[in-house]
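**Student:** When you get a sec, could you build the whole thing from the sequences and use the hints?
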Amino acid sequence: NAGVTQTPKFQVLKTGQSMTLQCAQDMNHEYMSWYRQDPGMGLRLIHYSVGAGITDQGEVPNGYNVSRSTTEDFPLRLLSAAPSQTSVYFCASSSRNRDMNTEAFFGQGTRLTVV
Amino acid sequence: AQTVTQSQPEMSVQEAETVTLSCTYDTSESDYYLFWYKQPPSRQMILVIRQEAYKQQNATENRFSVNFQKAAKSFSLKISDSQLGDAAMYFCAYRRTGNTPLVFGKGTRLSVIA
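So the protein lines, in turn, are chains L and R.
If you read the first sequence in the working numbering, its first letter stands for residue 277, the second for the next number, and so on.
If you read the second sequence in the working numbering, its first letter stands for residue 18, the second for the next number, and so on.
FYI, nobody ran anything at the bench for these hints, they're computed from the structure.
Heads up, the beta-carbon is just placed ideally off N, CA and C, and yes, glycines get one too.
Check the hints yourself; a few may be wrong.
[Stated by the list, open to error] Listed below are the simulated DSS-like cross-link pairs for lysine-lysine, each with C-alpha atoms no more than 30 Å apart in a straight line:
no., chain 1, residue 1, chain 2, residue 2
1, R, Lys123, L, Lys290
2, L, Lys285, R, Lys123
3, R, Lys123, R, Lys87
4, R, Lys72, R, Lys87
5, R, Lys90, R, Lys123
6, R, Lys123, R, Lys95
[Claimed, not checked] Chain L regions said to be covered by chain R (calculated; three or more residues, Cβ under 8 Å):
no., region
7, 313 to 326
8, 378 to 386
**Tutor:** Next up, the structure:
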């Protein structure tokens, strides 16, 4: 069972470039979300989705775009990279079924540097 | 909005000793979940322990246990017999039931001294 697969693990971008961080899960989880982790800030929610075709903004959505065309995939797009988007990004998924584990399963993270 | 506060940015403990990490949260909900996640240098987020708010009994997982005080909105993590492998960043997290994502505290970096 692969769990949550997040790619790439590392990425360097130039200011103004765009890119997509990929996230896929094979657990048939309804919920998926993207977080960014910065020193001293914990994990902050960027965008999340409660199911295919449904997305919503989190705490820090500016500069990012998401879509959820399938249950499995939840890509995060950086429209025009800025140095302030230098961070570690995590994708997570979880089930909404109360009888199942409600914990979030995380990908391995992407360390993104914008120069 | 719900908030999670970890008031200890850094903690240290001697190997084999016990340490308690603090976490408080703010919510008006009565039904929710609380979690402690461990993040070692590998960056992987690992679930340590989970508590359901409607359960009065404190959760335990081997050397890890929590002190859940619902009225005080407090959720501390106790690590007994600390091991070098426990050194990591620890995050407290809250999740309301329903279609909601996790809300994290800022983390506590735990060092274990041999």
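**Student:** Does the structure break any of the earlier hints, and which numbers would those be?
**Tutor:** none
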